[in-house]
Amino acid sequence: MVELRALQWSLLAAMLALWHWVTRNPDVAFFFGEPLVVFRRIWTWFTRGDGSLQIGPGRAGWFTLHLPAEIYPHLIVTLSETVIAFVIGAALGTAAGLWLALAPRTGVVLHPYVKAANSMPRVILAPIFATWFGLGIWSKVALAITLVFFVVFFNVYQGVKEVDPGILASSRVMGASRRQLLHTVYLPSALSWLFSSLHNAVGLAFVGAVVGEYLGSARGIGYLILQAEGTFDVNGVFAGIIVLTVFALLLDGMVSFIERRYMIWRPALGETRRL
Amino acid sequence: MSGTATPVGAATPGRADAAALALIDVACRFAAAGKPAYTAVAGISLAVQPGEFVSVVGPTGCGKSTLLNLAAGLLRPSAGSVQVFGSPLHGINARAGYLLQSDTLMPWRTALQNTVVGLEYRGLPKQQIAAQGREWLARVGLAGFGDRYPHQLSGGMRKRVALAQTLALEPDIILMDEPFSALDVQTRQLMENELLALWQARRKAVLFITHDLDEAIALSDRVIVLSAGPASHAVGEFDIDLARPRDVADIRASARFVDLHARIWSCLRDEVLKSYAQQRAAAHG
Ligand SMILES: Nc1ncnc2c1ncn2[C@@H]1O[C@H](COP(=O)(O)OP(=O)(O)O)[C@@H](O)[C@H]1O
Ligand SMILES: [Mg+2]
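So the sequences go chain by chain: A and B.
Going by my numbering, the first sequence opens with residue 53, and the numbers climb by one from there.
Going by my numbering, the second sequence opens with residue 29, and the numbers climb by one from there.
Hints are computed from structural coordinates only; laboratory data are not their basis.
From a predicted model like this one, the values you see are computed outputs, not experimental measurements.
Every residue gets a Cβ at the ideal spot worked out from N, C-alpha and C, and that includes glycine.
Fair warning: there could be bad hints in the mix.
[Claimed, not checked] Part of the chain B face toward chain A, derived, beta carbon under 7 Å:
#: 1; residue: I120
#: 2; residue: L140
#: 3; residue: G146
#: 4; residue: W227
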């Protein structure tokens, strides 16, 4: 295990070295940026300047946060959008998944609509959400919710549908009421499927937020990347991408942490087991 | 029965002389879309008296599990009726405990939590639930394993937990569907002896399904042989007059056992061969 870890890190180092080596040629660097410049940029973002972020609705808001470096307001905006969309999307997806799976008639009626909605390319909704919710965080939250909702929905739906018929039969003979079945069989089974969808969901929440920013905003990491592209600042673009990647990994780690706490009964973590 | 669970839904006291479980001329058909309905069992009548241990043997796929599902109230008979202590069964059989063939422990619950799930359904006080759960785990030889999750237990231990789960509700009728078929021979004999000891202490009505004739004879008071499907029916019924208490390993050597085995097997063999021929025909046709 330790050796594999070492191998992982050396692979990263090798890729960075390769990047550094090929981009010593300025013609290549124009397209691919230079790692040293990129990391210096990230360093500057996190240490220089100052940022302020107004919290609350309207022009005045409730109060204004003063932050120690210029990236923080952007980071806070993007992460808030992600987390809000993740929580709302996962909650709605879970509720809808349980409902459609447990009310078979409703499920049959609504299922094609859910599938149609899911196959729609969500990005084209971004301008519509902008006109509905404005250019603030809520249009991004809405876009991200449309991505998160379906992943969670389909997993919870599947989780309920795939409940072991033997467990159901034996619970029913032991005298479980519908309510007790929901609490002791359907919910726990759906929960394990829910957790395996959350890794995808948190990534998609992040994608939704950033794409939303990219398509029109005044704040956020997506906005930073758009700015950099506008000035052919390829180093800025790569710096933005790296910051995004690191935070996506952090969010994923948080999901894993929660999963480890609540899924202790699962034989091997990270591997979805059919229940 | 102070300190123990009282079966819910046992409102109908039933007649004192009635069989614990009676299937009267039952049939069960499965409708399949686009195909003619498949008749799994037809014209089966059997009764299990209180305190009696009855086994049903028959070739694979003949309808043994279907029969138990009818007795448990999970399936309704297409014809005929099911009676429990003299009253017709509607819905789930509240006086029965059902140990299914498959692994039915909830993977998200520990052994103890699995043992007491039925007691929780009955809404018993928490302390009583915990106490009874530990008692039953100890009875099936798993004291100290209460905190393990199913994936941390061996197949035999999981079956023991499932057995404790079923027996903790003190059902008057115990339905068992090939409970030990997935276990290795040694574990299986141990479990069979333990089952007999538990049954001997309480004497409930047991309807036991197996495809293993040795097991059926060693455990039962009576063995019923089912014909090959479709429309499987009883083709033989044998009283097992071996003395109790029994040891399932020792008893196999007794002359009476060998004699009974030979008689029942001559009845069962024809059905097994028929079923085998059907499967081959289906595979080639
Ligand atoms: N729910 C069902 N739908 C359709 N056919 C079924 C169903 N359950 C059982 N059968 C059929 O009924 C027959 C008997 O099944 P089963 O009772 O499980 O047999 P056994 O337990 O003796 O092996 C089999 O041919 C099986 O295919
Ligand atoms: Mg079966």
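Checked hints:
no.	hint	in the structure
1	I120	holds (6 Å)
2	L140	violated (13 Å)
3	G146	holds (4 Å)
4	W227	violated (19 Å)
Of the hints listed earlier, those the structure fails to meet are numbers 2, 4, in rising order.
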